[in-house]
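Student: Sequence:
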Amino acid sequence: MRTSQGPHQVVVLVLDGALPMDVGIPAEVFHPESGFGYEVSACGVTAGTVPSHGGFGFAVARGLDALSDADTIVVPGYAPAGRQIPAQAVEALRSAASRGARIASICYGAFALAEAGLLDGLRATTHWDAAEKLAESYPQITVEPNVLFVDEGSVLTSAGAAAGLDLCLHMVRRDRGVSAAHEIARGLVTAPYRAGGQAQYLPKTSSIGHGETLAATREWAMTRLDQSLTVAGLAAHARMSPRTFLRRFTDETGSTPLQWILRARVDTARELLESTRLPVDRIAEEAGLGTGSNLRLHFRRLLDVSPTEYRATFAGRI
Numbered sequence: 003m004r005t006s007q008g009p010h011q012v013v014v015l016v017l018d019g020a021l022p023m024d025v026g027i028p029a030e031v032f033h034p035e036s037g038f039g040y041e042v043s044a045c046g047v048t049a050g051t052v053p054s055h056g057g058f059g060f061a062v063a064r065g066l067d068a069l070s071d072a073d074t075i076v077v078p079g080y081a082p083a084g085r086q087i088p089a090q091a092v093e094a095l096r097s098a099a100s101r102g103a104r105i106a107s108i109c110y111g112a113f114a115l116a117e118a119g120l121l122d123g124l125r126a127t128t129h130w131d132a133a134e135k136l137a138e139s140y141p142q143i144t145v146e147p148n149v150l151f152v153d154e155g156s157v158l159t160s161a162g163a164a165a166g167l168d169l170c171l172h173m174v175r176r177d178r179g180v181s182a183a184h185e186i187a188r189g190l191v192t193a194p195y196r197a198g199g200q201a202q203y204l205p206k207t208s209s210i211g212h213g214e215t216l217a218a219t220r221e222w223a224m225t226r227l228d229q230s231l232t233v234a235g236l237a238a239h240a241r242m243s244p245r246t247f248l249r250r251f252t253d254e255t256g257s258t259p260l261q262w263i264l265r266a267r268v269d270t271a272r273e274l275l276e277s278t279r280l281p282v283d284r285i286a287e288e289a290g291l292g293t294g295s296n297l298r299l300h301f302r303r304l305l306d307v308s309p310t311e312y313r314a315t316f317a318g319r320i
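FYI, in the numbering used here the residues of the sequence shown are 3 to 320.
No lab work stands behind these hints: they were computed from the structure. Wrong hints could be hidden among the right ones.
Result set (DMTMM-like, lysine to aspartate or glutamate): computed pairs, CA atoms no more than 20 Å apart in a straight line [as the list claims (entries may be wrong)]:
#1 135 / 122
#2 135 / 146
#3 135 / 117
Label pairs and their computed distance ranges (CB to CB) [claimed, not checked]:
#4 90 / 252: 24 to 34 Å
#5 257 / 86: 17 to 27 Å
#6 221 / 89: 46 to 56 Å
#7 100 / 246: 28 to 38 Å
#8 123 / 89: 16 to 26 Å
Fair warning: this is a prediction, and the values are worked out from it, not measured in the lab. Heads up, the beta-carbon is just placed ideally off N, CA and C, and yes, glycines get one too.
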C-alpha cells in the first residue's frame, strides 16, 4: 500500500464481454471520494471502447500499460466463462504478479487468473455455475464452489456478482480496518459482511448470513456479546431444538454458532482498538472475551497479530 507515497492505485481490467455489475463494484468501493486513500481507474487490452455482456460498452483511456502502476488489479467477470483471453493480457497479469501487485477476480474473472497461472497450487472460487468447469480445466487449482470469496494473500477470488462486493470490502478491511469498510458499506447500503473464506484478516461478522431464518437471533446475539451465549440459549431464542438450530445456523452462516460468536467478539475488539484508547483488558471485557490474555490468544490465532500490533496498524491511520 502507498499510505506514505500516495494513494493506493486500483486498476480494473475490463475484458471483452465484461459483466457490467462486476465492473461497477470495485469502481464504487474504491472510489476516492470514500476518503480512504484509494484511486481507481479502468483499462482494457487496448484503450478505447470495450464491449460488455448485455450490449453495453466501457470507454477506457488506457491499455495494459496501466497495470504497471497498479497496487491492486481487479479482473471482473466476462462472458462466456472460460473464454481464452488475449496473450498480452495473460503476460501483463503475470508481470504484475511477479512485481508484487495484489490481483483479485470477481465471478468468471477467475478464469483469467487461472490462464495466467496465478492460481496454481492455490484455493480459488468463482460463480457456482462455472466452478466445475474451472476445476476440470485447471486441475492444479483447489476450487471451492461453496464460498463467497477466497483470500490467498496476494491473489483473491470471489463468487459471482454481489460476492464481488464482499471481496472488495474485505480488501478494504485488510488495508484500512473494520471501521473504514463499515463506512463504505453504509454508503453503498449493503451489509458490511457476509461469510466468505478464511482470510489473513477475517471479515466483520454481521447479523446477516446466507439466509434470513435466524437473522433475528443473530441480531439478538450481536447485542449481547459481553454476556454468556450458548447454543441452548440461542436455540431457545429461535424457538428451535438445539440440534435443528445448529444445523440451520451452519447452513446460513457457514460456521457453527460458537465460531460465529467468537469472530463477532474479535471483530468488536477490532473496532474498539481502532476507535478508542481503552486498555486491552477493558476491551476484552466489552467484547465478551473475558481477559486480555484471552483476547491476545484469539487475535494471534485468528489474525496472526497481537492487539497492540493491530491498534498500531489501524487506529487513526486515515
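Student: Work down the list of hints and note, for each, if the structure agrees.
Tutor: Do the hints match the structure? See the list:
Of the pairs offered as hints, the one joining residue 135 and residue 122 holds, with about 15 Å between alpha carbons and a cut-off of 20 Å not exceeded. A threshold of 20 Å between alpha carbons decides the hint, and for residue 135 with residue 146 the separation of about 12 Å falls inside it, so the pair holds. With a C-alpha separation of about 13 Å, the suggested pairing of residue 135 with residue 117 holds against the 20 Å cut-off. About 45 Å separates the C-beta atoms of residue 90 and residue 252, a value inconsistent with the hinted range of 24 to 34 Å.
About 37 Å separates the C-beta atoms of residue 257 and residue 86, a value inconsistent with the hinted range of 17 to 27 Å. At about 51 Å, the CB distance of residue 221 to residue 89 agrees with the hint of 46 to 56 Å. Range check, residue 100 to residue 246: Cβ separation about 51 Å, and the 28 to 38 Å hint is violated. For residue 123 and residue 89, the hinted distance range of 16 to 26 Å is satisfied, since their beta carbons lie about 22 Å from each other.
In summary, the numbered hints that this structure violates are 4, 5, 7.
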